[in-house]
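Those sequence lines, one after another, are chains A and B. Residues in the first sequence are numbered from 1 upward in steps of one, following my numbering. Residues in the second sequence are numbered from 1001 upward in steps of one, following my numbering.
Treat the hints with caution; some may be incorrect.
[Unchecked claim] Derived list of chain A stretches under chain B, where covered just means 3 residues or more per stretch with a C-beta under 8 Å from a C-beta of chain B:
#: 1; segment: 23-33
#: 2; segment: 38-48
#: 3; segment: 76-83
[Claimed, not checked] Lysine-lysine pairs mimicking DSS-like chemistry, simulated, CA-CA at most 30 Å apart:
#: 4; chain 1: B; residue 1: Lys1153; chain 2: A; residue 2: Lys63
#: 5; chain 1: B; residue 1: Lys1037; chain 2: A; residue 2: Lys78
#: 6; chain 1: A; residue 1: Lys78; chain 2: B; residue 2: Lys1296
By construction, these hints were calculated from the structure, which means they are not laboratory data. The C-beta atom is built at its ideal place from N, Cα and C for all residues, glycine as well.
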Amino acid sequence: MDEKNIYLCRCENFTLKELHDLLDSGITSMEEIKRLSRGTMGPCQGKTCRDLIAKEIANYLNKDMSEIDMPTYRAPVKPVKLGEIAGGNKNA
Amino acid sequence: MRKKADVVVIGGGSIGCSVAYNLAKKGFKNIVLLERKYLSSGSTGRCGAGIRQMWGTEMNCLISRGSAEIFKTLGEETGFGDVEFRQSGYLLTTYDPSQTERLRKNLAVQHKLGINSHMITPKEAKEIVPYVNTEGMDAAFFCQEDGHINPFKVTFAFAKGAQDLGVEISRYNSVTDIKYKDRKITSIVTEEGEILTDAVVNAAGAWCKEIGKMIGLSHPVEPERHQILITEPLEDMMGPLVMSFAHDSYIQQVPHGGFIMGYGNPDEPKKINFNHDWSFLEQMAKKAVFQLPVLKDVRFVRQWAGHYEISPDGQPILGSVPEMDNYFMALGCGKGFMLSPMIGKLIAEKMAGEATSLPIDSLSIERFAKGELIVETGVV
Chain A
1 MDEKNIYLCR
11 CENFTLKELH
21 DLLDSGITSM
31 EEIKRLSRGT
41 MGPCQGKTCR
51 DLIAKEIANY
61 LNKDMSEIDM
71 PTYRAPVKPV
81 KLGEIAGGNK
91 NA
Chain B
1001 MRKKADVVVI
1011 GGGSIGCSVA
1021 YNLAKKGFKN
1031 IVLLERKYLS
1041 SGSTGRCGAG
1051 IRQMWGTEMN
1061 CLISRGSAEI
1071 FKTLGEETGF
1081 GDVEFRQSGY
1091 LLTTYDPSQT
1101 ERLRKNLAVQ
1111 HKLGINSHMI
1121 TPKEAKEIVP
1131 YVNTEGMDAA
1141 FFCQEDGHIN
1151 PFKVTFAFAK
1161 GAQDLGVEIS
1171 RYNSVTDIKY
1181 KDRKITSIVT
1191 EEGEILTDAV
1201 VNAAGAWCKE
1211 IGKMIGLSHP
1221 VEPERHQILI
1231 TEPLEDMMGP
1241 LVMSFAHDSY
1251 IQQVPHGGFI
1261 MGYGNPDEPK
1271 KINFNHDWSF
1281 LEQMAKKAVF
1291 QLPVLKDVRF
1301 VRQWAGHYEI
1311 SPDGQPILGS
1321 VPEMDNYFMA
1331 LGCGKGFMLS
1341 PMIGKLIAEK
1351 MAGEATSLPI
1361 DSLSIERFAK
1371 GELIVETGVV
């Protein structure tokens, strides 16, 4: 299958081809790949794609998973409306 | 990593990468840039991504104006590509006459330097940003040439430009010590070994004090935590960044579609603190829903924290220091990202012994000892 059509991060449309291009250009830090590609930065917070991207980086660079600088998960666990936070439940 | 360098730049944020790029462009050879984590990890990649020229001191205005010009061509010049520069404007809002008066005085400074900013009425503000709530608003200030740029892309554009000119970038490599004799630094000790060097640039931002201590200097700069959140992406509906001087906050919709918003609490203890907290979220949500009621139904998807490095007068600290001959400071002090293109250029000119494009001697660290402070009052 064409690497252009394989999506690693579905929220931000980050493909396998784009990952390989970044790695080939010398950007091998996953933290940097996240920030350049937006992969893991969508509404799912990377819960779907983070490990997938990390595994592929390790695989492509022939490294151990423990050598990959995996980004942290940020809060919140799931998206919340600002109005619910600002006004409490009664305004939700 | 190289064992010998002509210049070592400490810090892989937008300023460090800009300094390295500008030095290489100026003809400096054998430059090594050291970054303790990954590029943009310190403050640049955590910032609000705004570009602003409406400042209150001449130097802040001039450096930001020059930087905005460089941002226009940076992506093309470095071969990086689009860096998402949008001159979509800044709308500063005030809610009492004393704030208005303070910003009105700043307008005089801006107009003298050719910055196209205006004081407008709340009604006019609503014409520019239809979703803004004008309840209680006293006045607003607008500059169309302010706006947004992607901090990650800017940093990587500078880094690419630098690397293409032969700069070595060493990531995940902390500086652990600095060796010096009399007035001269001789080498930088890192986790990966020692580098002999002829000159050093401190672009360590919120960590600059730690670097200063290694050569026996006390830099009067403290890290202040600022927190941010971003929402889910929506269709483009906002235009300018909205910065309220009553809420001490900023809110902008970035080209990706999300609304990024944040503020800092100046009363917190000054230290590095990457934790985000619930109280920020609650306060920020209240500030946002008050200023832009339409945001109440928008979901926030991520929050994080970063730091401003705060100088006593809110202006950058640039150039040499009285105690050392081959040590240079390149600190933006709370707005380093948006000033990074000009800071890199000015430091490279200074280190090359040329006349600098702007008179940066007034921003030397010596001003604090001499008491020659010109305080910037417009930092949010």
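Numbers of unmet hints, in rising order
none
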